[in-house]
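Following the hints, position chain B against chain A.
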Amino acid sequence: MTAIPDLKAQKYDRQLRLWAASGQAALENANVCLLNATTTGTEILKNLILPDNAIVDQKDVSSNFFLDTSCIGKSKSLAIVEYLRELNEDVKGHHDERSPEYLIVEEPSFFDQFTMIIATSLSDTLALKLASICEAANTPLFLVKCLGFTGMFRIQAGENTIIETHPENFSDLRLDMPFPAFLEYVKEFDFDKMDSSEHGHVPFLVVLQHYLQVWKAAHDGKLPASYSERNEFKELLKKDMRSYDEENFEEAISHVWRLASTSGVPSELKSILDDPSCENITKDSTNFWIIARAIRDFVQNEGSGLLPLPGKLPDMKADTKGYVRLQQIYRQKAIEDYEAVHSRVQGLLTSVGLLSDAIDSREIEEFCKFASHVKVIRYRRLEQEYLTEPNTTTICQWLEESDPQNNIVHYVIFRAADLFVKEHGSLKGRDEEETVQLLEDCTTNVLTSIGIPNNKAVALTTDRLKPYIINFARYNGAELPNIASLMGGLVAQEVIKIITRQYIPVNNTCIYDGMNATTATYVL
Amino acid sequence: HPALALFVSPAQTSLPASTMSRESHNTAVLGQTLHQRVASSRVLMVGAGGIGCELLKNLVLSGFKTIEVVDLDTIDLSNLNRQFLFQKQHIKKSKAHVSERILVQLPFRSYKYLRIDDESKVAKESALKFNPSANITSHHANIKDKEFSVEWFKGFDLVLNALDNLDARRHVNMMCLAADVPLIESGTTGYLGQAYVIKKDVTECFDCTPKVTPTTYPVCTIRSTPSAPIHCIVWAKSYLFNQLFGNSEEDEEEAFQKETSDENALEIEALARETAELRTIKEAMGSDEYGKAVFDKIFTGDIERLLSMEDMWKNRTKPTPFYYDELAATMQAQTLSDVNGLKDQHTWSVRECFDMFMDSLTRLSTRLLNAKKDNPTNILVFDKDDNDAMDFVTAASNLRSTVFKIERKSRFDVKSMAGNIIPAIATTNAVIAGIVVMQAYKILNGQLSQTKRTYLKQVTRRPGLLVLEANSEPQPDCAVCRTRNIGLKIDIHHTTLQSLLDNVVTASIENGGLGMSEEVTILEGDRYIYEVLLYDIEFDDNAEKTLDALALEDGKILNIKDDEVDDDTGVNLVLQHATSVTLKNGASFELSGPKRPAMTEPESLGKRKREEGDEMAINAKKAALGNGSVPAASTPQEDAGVINLDDDETAIDEDGRTVKVWVLEDD
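Each protein sequence line maps, in turn, to chains A and B. Throughout the first sequence, residue numbering follows the UniProt record's numbering, covering 1 to 524 in sequence. Throughout the second sequence, residue numbering follows the UniProt record's numbering, covering 1 to 667 in sequence.
Looking at chain A on its own, in the form it has when it is part of the complex (with noise of 0.2 Å):
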């Protein structure tokens, strides 16, 4: 007999530590397309075969790759795969020869098999066409560009639902709206009569809950309100201290300060469950929606305004016996919200015709558990972005702020880059003052095509664009071996919260600056 876990939980111990067993299953069950293997490319995919599983019918392996040796660009690819291949056995990679341009002119229908599509420097025009072909298969988009000390990717993944976000400290104590069985536990204790030794030991949230009593009492009935009203409730507690440094009590105290805010549906989450998806449920309506609305509705109902008790409690002093006791106390009031929840996502999943079991209890009860911090990212498109809805006001107050630090910069010159690349031809191995020369008109053109006034536009360009364009030209196309590594860490840490739906991803753009070592996101 052993208890030795398999290799795999071996192998991948450490992650699993950070996104569990589902988060695994999840970049396991993903088809990643990577476009154009540049430098960055690679790091990324790199870092997305070191954590993963995969296995990939070989069907589709090109077996002619001898015969296109002699073509450099070609062969690339398939290099790659093997060598990623050797830094993770269990995967298998499979490569392709046809260009980007190709499949996605020629062939969109290619794409259809992926989870995911990440593409390196690819121009403008065909990110677009490919940005739409994504958005039809609702298939999530990252465009990553990098060169020389700057990098940049953008995120078009649609409608993005994440119940883990994994908040860090959270916890809901609902001081101000105590459950009944908690209260009951709380009038157990008849602080009067305890020894000093039993004293010492009440959890400090029976303690608090204990003179918040008192104080209620007092007041009419109302929770100390202002901050003078708080102070002066302290004062109560420290006045029956049994000594001056009693850490239960302590610990009550440094509590205080929650009751200035009130139980209830955070503003972020109010919106969610106001949103016309939560209002209206079809067959079609994903986990995620279906199980928001039963919130809602416990809310109204069951919940009396309040969210399901997550059950959690934070460390405290105690004896284990009232601890244990605090906790059955917390997770019994859980399990019964949790229920009620459960129950009601039954009820809607049968009203829309499925079957009342559609949807794992580990969802809904995650989803109970983490209610006040779950999250609803709507991505814009890239057709919005460069065509029908430019966010020009804000990329011109953007631009004009005088902050060196703000890289929106870097995300005009790298269109600017690709304007120039359409209409120039490659940047590498040109004359850098011709460079910064075409570079400067491209950038105003950019400029005025976001919908800036010409003026505007030849103003920003050489007042603020400038000394950016020229340290561009500088690059001379290339791409630095420590900023795509750097790049390629950070899409595809990103790339990670996506596929496995936990943490919250970026929306949508993020810009890097080496110069400055800062990055910057934008909902561009």
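There's no promise every hint is true.
Reference excerpt, derived from the structure (chain A facing chain B, CB under 8 Å, subset only) [claimed, not checked]:
1) N476
2) A492
3) T518
Because the hints were derived from the structure by calculation, they are not lab data. Note that the Cβ used here is the ideal one computed from N, Cα and C, for glycine as well.
Here is chain B on its own, set in the frame of chain A:
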């Protein structure tokens, strides 16, 4: 079957092979001057784990030519998810050596995937042009070894930390300060990471902000009155495992001496007896009765003894002993259930724990007996990645938890708590390694003062992933970096501590000494060598010993503080052995470095008020000498480099409280 399809298409804008090489890429972006400096610099990288692998790759690709790597570790399976230089066949081999070999022997095979712009040239040219083979030196060694002296550190232009523990970080920090070499410190945990520069007299050093030291637990909590799973895990890992398979007799005696007080004297005595009894039982190791004897002792006899001490349980939940025959008669457990393919995440039943305890005890005993055949002094050391050891600690701690009515933990959780495991992923390491190279560029470009502390954060309320913070100035009272470093050449075989005190420490500056009072404290690392305030026989003994007898050898650093001076940051004496024959004019020693503090405080302020504070100081020192606690099972925070974010927007959580961010390297 689950499948991740990787589809890779060729780079669309590939170049004609002849136009550029990586070298020219780097030159184009960095400029000729910086590129040259990079190529001619000498770099030390300490640690070849998660960040280390990424960093070494970046260094090689970025044109660094002379790199030395030091790593103590060997490669483990759980490293392979991110330490990409290593593959399955490297398990159990030295990290430092393997990474050297991979980068040296296979520089372009390993990196061909990165060299996509000039693949065809790789084979022909770059091996010549870019071959790092002569330039990476690896040391499979502990960075604290004496061969890595201050002099050795002085041989580098830059030191890069890619470490996973507080102790080594502090050591490298101290050495870099003493050698006055810039250090780039970095660490990651999960999605968070950081990198920043440490330079003597310019920035804060690693020890300018206090670091949380590992939690320790009182002996009695661990041995007699556990109340949390961690107490039982510490018991299983630090006490039981060592007693049965290691050799912790001395440790325990020491711990007991330190902690004995009037109230617990009896209990401590009883615990010592328990330990002795266990030793007797141990002699039967290998026999058929051995397992039952151990079980009866620790889960029945010892618990019954505890129960007999009624005072102990007045305010505590009483434990309930286990009886071997009763447990053995309970229904045989199903084979360990495989929950979602991750069986170590499931919490074992009592019966499962029992079976596992007996089984792992046998496995470990057999291993120990076999090892002793080779060498009778062989012992087993707890290692979180040793499956037998983890099975044993999980089973034993869970049985004990059950006895004390504490919740049981899954093997996965026990491993976290016992093994100081920090979540680690490839992506964060890649980002941080990229940042470290940028910091290195800045330093080599003479812009050290412009570097910023860089943090990789999660997207929270404020958009953005990297957060910058200006470097702080050194803390004026930092005992580590505000200390003057003075080289001392002296004959360590013939100089006693007393003569060091008389001739060097207390001798006046005019007479060539340091001019300190007689009330000094001398430390070597965390070890107290001499202390006047705290009277101790041992220190008197030390006085007559020679320096080498006190293990004060070449390269060791003695921190000397004058207790007569308030807030004295003291001096660091960097020892270098020299005989009077080799010293100038036949002198008995030679000092080099600033003997006076840079700024001397007015005499009236400098004098210490004797009355207050002395007792506290003594108590604090006593605590530092060892409080007799059992070493704690580390929490993930144990070895953290603490970051205090001053930027209130980034350091405040949803509840409006200030949060600390812990950042570490993985192992």
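Verification of the supplied hints:
1. N476: holds, 4 Å
2. A492: holds, 4 Å
3. T518: holds, 6 Å
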